[in-house]
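First to last, the protein sequences are chains A and B.
Numbering follows our numbering, in which position 40 of the first sequence is assigned residue number 40; successive positions increment by one, without gaps.
Numbering follows our numbering, in which position 5 of the second sequence is assigned residue number 5; successive positions increment by one, without gaps.
Because the hints were derived from the structure by calculation, they are not lab data.
Take the hints with a grain of salt, since some may be wrong.
What the hints assert, rightly or not - Straight line, CA to CA, 30 Å or less: simulated DSS-like cross-link-like pairs of lysine-lysine:
(1) K95(B) x K26(B)
(2) K95(B) x K78(A)
(3) K62(A) x K78(A)
(4) K69(B) x K56(B)
(5) K70(B) x K56(B)
(6) K95(B) x K11(A)
(7) K95(B) x K71(A)
(8) K95(B) x K56(B)
(9) K11(A) x K62(A)
(10) K11(A) x K71(A)
(11) K69(B) x K62(A)
(12) K62(A) x K56(B)
The structure presented is a predicted model; accordingly, all values stated were derived computationally and were not measured.
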Amino acid sequence: EAEVAQSPRYKITEKSQAVAFWCDPISGHATLYWYRQILGQGPELLVQFQDESVVDDSQLPKDRFSAERLKGVDSTLKIQPAELGDSAMYLCASSLADKGYGYTFGSGTRLTVV
Amino acid sequence: SQQGEEDPQALSIQEGENATMNCSYKTSINNLQWYRQNSGRGLVHLILIRSNEREKHSGRLRVTLDTSKKSSSLLITASRAADTASYFCATDTDKLIFGTGTRLQVFP
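The shape of chain A in the complex, shown without the other chains (with noise of 0.2 Å):
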């Protein structure tokens, strides 16, 4: 079964460092999203990708995040410098881009800020 790939699976780092996250969506899922998950709370979305470009980026932190796509496939997601507060799970997941269709998780990277 296909799965979406997601790398470091576990990221200690100290604040006010940079530290990056990719992800490799499944083949031919269009949509892309980054979700940040605090431990104890529901998936909240930052940033949602239609092939290589943003579709939304609202609850993104734009003085430290960043996140891109370059030619439509996999993505990163960069933080810099990082916080105490950004200690979560970040997840990817994929989807068609046809509505109706669930969408493909990884298993996240666990990032803690010390």
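Given chain A, put chain B in place with the hints provided.
Structure of chain B alone, referenced to chain A:
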């Protein structure tokens, strides 16, 4: 921001019992989806119900949707210890917004 509120926040039952989780939301939707998440893992899509559907079944899962009340429920019948996980509803408008989740514990 989170559109959905789930109830209860936590649920503990014995194997063989049924588990019911409820979700309320605020705006009109294209569809509503339910996901499962094991501790420390990604989310797994369980079932999707469109806004013009009222009930849907998948194996031991039964989902209902009442758009007039802006609410949905997920029923897991004959629960198993392996069903222990967090369950989230998510509303699909132009984007997928998740609820706060229900933590289900099934005791053997």
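Here is how each hint holds up against the structure:
For the proposed pair K95(B) and K26(B), the alpha carbon gap of about 14 Å is at most 30 Å, so the pair holds. Using a Cα cut-off of 30 Å, the hinted pair K95(B) and K78(A) holds, with the two alpha carbons roughly 21 Å apart. In summary, the hint linking K62(A) to K78(A) is supported, as the alpha carbons are separated by about 10 Å, within the 30 Å threshold. The suggested pairing of K69(B) with K56(B) holds, with an alpha-carbon distance near 17 Å, which does not exceed 30 Å.
For the proposed pair K70(B) and K56(B), the alpha carbon gap of about 16 Å is at most 30 Å, so the pair holds. Taking the CA atoms of K95(B) and K11(A), the gap is near 28 Å; set against the 30 Å cutoff, the hint holds. Only pairs whose Cα atoms come within 30 Å are accepted, and K95(B) paired with K71(A) is accepted, the gap being roughly 22 Å. This hinted pair checks out: K95(B) and K56(B) have alpha carbons roughly 22 Å apart, not beyond 30 Å.
Between the alpha carbons of K11(A) and K62(A) the distance comes to roughly 21 Å, so the proposed pair stays at or under 30 Å and holds. As the CA atoms of K11(A) and K71(A) are separated by approximately 25 Å, the hinted pair is consistent with the 30 Å bound. Taking the CA atoms of K69(B) and K62(A), the gap is about 36 Å. The hint is violated against a cut of 30 Å. At roughly 40 Å between alpha-carbon atoms, K62(A) and K56(B) are farther apart than 30 Å, so this suggested pair is violated.
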